[in-house]
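So the sequence lines, in the order shown, correspond to chains A and B. Quick note: the first sequence uses this note's numbering, first residue 1, plus one each step. Quick note: the second sequence uses this note's numbering, first residue 1, plus one each step.
Note that these hints are calculated values from the structure, not bench results. Treat the hints loosely; a few may be bogus.
List of simulated lysine to any residue pairs, SDA-like, C-alpha gap at most 25 Å [stated by the list, open to error]:
id, chain 1, residue 1, chain 2, residue 2
1, B, Lys99, A, Ala109
2, B, Lys289, A, Leu5
3, B, Lys64, B, Leu81
4, B, Lys64, B, Gly328
5, B, Lys64, A, Ile232
6, B, Lys347, A, Asp51
7, B, Lys232, B, Gly394
8, B, Lys64, A, Ala149
9, B, Lys99, A, Asp51
10, A, Lys86, A, Ala45
11, B, Lys289, A, Lys86
12, B, Lys232, B, Thr445
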Amino acid sequence: MAVYLVYALVPLAWLLISATKTQRALLGTPGLAFGDTFALFDNIAATFTHDGGIFLRWLGNTLLYVVVGAGGATALATAAGYGLAKYRFRGRRAVFAVLLGAVAVPGTALAVPTFLLFSELELTNTPWAVIIPSLVSPFGLYLIWTYAAEAVPDELVEAARIDGAGEVRIFFTVTLRLLVPGIVTVALFAVVSTWNNYFLPLIMLSEPDWYPLTVGLNQWSARAFGVGAQPIYHLVITGSVLTVVPLVAAFLLLQRFWQSGLAAGSVKR
Amino acid sequence: MSPTRRTRQVATALAVALLTALPACSAGSDGTSPGGATGTQEAVDAALREGGEITYWTWTPSAKAQVEAFEREFPNVRVNLVNAGTGNDHYAKLQNAVKAGSGAPDVAQVEYQALPQFALTGALVDLGRYGFRAFEDDYTPSTWHSVQVGGGLFGLPQDSGPMALFYNKEVFDRYGIAVPRTWAEYVDAARRLHAADPTRYITADTGDAGFTTSMIWQAGGRPFTTDGKSVKIDLRDEGTRRWTSTWNQLVEEELVAPITGWTDAWYRALGNGTIATLPTGAWMPGVLKASVPDGAGKWAVAPLPTYDGTPVTAENGGSAQAVLEQSGKQALAAAFVRWLDNGNGVKPFLDSGGFPATTADLGSSAFRDLAEPYFGGQRVNQVLTAAADQVAEGWSYLPYQLYANSIHADTVGKSYAGGAALDPGLVAWQQALVDYGNQQGFTVTTG
């Protein structure tokens with residue numbers, strides 16, 4: 001446990017301490033010691049103003065990709081997962097097989113074929129090239145499916161039907177509330193993976209104005225390499241801290257919804 | 001930061017592996033007309049008068065100033081400057097766009113080591129078509145050689161990197177060690193320095209593909225030869241073994257610092273004297289001045305050590321600008337490249353600390369005799385321009401050098417990590433390159 005804590009916390013401490021140093025102190029002092037000056041606020045200001053304030057633009061892009069991409073992925077996974085769990089129709093088993101296969105394929109391996117596909121559609125170098133692929137979350141769908149099978153009792157749905165509610169109304173008034181813990185879990189997964197998505201936007205986008213934070217910060221970091229190198233490690237580090245903060249906030253905010261099985265055991269079988 | 005860099009490297013290696021695999025089917029199909037077409041520059045001049053908009057991908061820091069100067073001189077041309085990524089990211093995107101058939105820029109920066117790969121897949125315009133062969137005498141022989149592939153001219157050289165020995169004079173003086181002139185003296189200096197102070201090393205090296213190829217180049221090795229679709233790889237040739245017999249001593253005795261280049265730790269070590277020398281390209285002064293302020297007044301430059309006292313060096317790094325076949329405005333793009341590397345674009349490049357490939361600039365006394373305060377007033381360009389004249393001839397990169405570099409760490413890198421002789425690592429590298437080349441449709445033989 002202690003080893004794990006050290007393993008988990010030392011890099012974080014390094015990141016936080018380093019964010020308070022100037023570029024010169026960063027290269028001149030040991031990793032876990034503070035520099036002479038406390039430059040955190042200067043660094044934050046510099047991060048937001050460097051390159052004509054492009055960091056703010058990257059932050060906005062990331063938010064756009066997360067809200068539309070992860071939000072859309074969660075909505076689609078919820079609707080589809082519930083449908084697969086609660087309705088019997090032909091081809092359900094085939095969907096299951098395809099889904100399991102899809103979960104097994106890493107997104108990185110699909111990036112290049114996806115690029116060629118999107119290039120045919122002339123969608124590369126647009127936000128759509130990042131958003132559309134992230135709308136599909138096989139793992140989220142699978143999670144909702146299994147969760148809905150347990151958390152939404154058939155008896156409850158049938159009771160609602162007997163009371164005269166339509167399928168759409170049942171979904172929005174009865175099912176959705178029962179699914180909230182599952183949805184929050186899927187949303188967190190989708191938010192984290194979209195927020196951290198690197199390879200897909202790297203391949204799809206060539207215009208820095210559309211970069212998310214991950215690709216943008218890496219481009220700043222890459223300035224330290226090769227001929228004409230101009231390292232700006234202090235801005236990369238401060239930018240990384242600023243990138244982590246919203247994720248931490250999202251976790252703290254969403255975890256109170258994370259109570260499991262609202263209706264588990266509410267119905268006698 | 002390090003975990004992201006690790007994943008980035010893995011991702012990039014993967015991308016390069018995937019991407020270099022894709023275009024192989026079209027390799028050598030066209031664009032390599034032997035002898036090279038030779039046209040005139042009239043079309044280029046006409047396109048420049050007409051004007052229009054082009055896109056230019058580069059990560060060169062001087063590009064912004066260059067594009068602004070170009071647009072002032074030619075107000076009817078608009079250049080859309082895009083930094084699509086550095087190094088491998090840039091090439092991955094470029095290769096993607098080439099494969100997809102759309103999305104490539106009109107002009108792109110391409111390093112000499114990557115040029116054959118793009119030229120042989122038909123991605124680049126043969127500038128001989130516009131009469132650019134007339135510029136041959138304007139460039140050093142080694143850079144001019146680097147932009148020619150299979151008889152075609154696929155770019156104009158921008159910068160060059162003839163190698164020299166950058167050394168920390170303060171450290172050498174403190175321990176009373178003379179600046180080495182031969183590699184034997186260099187190894188001796190390494191031993192004495194590390195014995196005097198175990199925290200100091202003669203240099204840092206964890207296995208860098210660009211350094212490996214440059215050092216083999218200087219030692220007289222010519223491991224890669226290409227003729228159309230046939231490739232010969234011999235990483236056991238005499239020159240290669242001459243280099244390993246020197247460098248093995250440093251690696252096996254753990255006399256090189258295990259610090260990877262271009263990391264924050266590396267910059268730190270350059271500033272505080274942990275790393276005493278850097279055998280590297282002539283573009284290094286700009287990097288030191290911009291990024292290692294703590295080293296001011298300590299560093300100096302000497303000719304690269306040799307094996308037998310005869311002055312000889314190699315190129316390390318450097319890039320050209322090329323016009324993409326996909327461009328709808330090839331003549332205008334060629335005009336921009338001509339201005340950039342053979343016209344008024346050279347000056348902003350020099351002002352930003354770049355090291356030129358043009359003989360006129362290398363020969364100008366203003367450039368040669370510039371006293372550099374960072375180097376304690378030393379006229380470093382006298383050493384560096386002399387090196388530009390001493391680059392060994394006849395070097396070629398592989399037509400899939402980017403892939404080769406991406407797997408260097410998995411083969412030769414292992415020798416470094418284990419403190420073992422480099423030769424088995426080089427043999428493993430060769431085997432992987434032979435297998436890959438054959439899979440890509442080349443006929444690869446070994447020496």
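(message) Name the hints, by number, that the structure is in violation of.
(response) 2, 8, 9, 10 and 11
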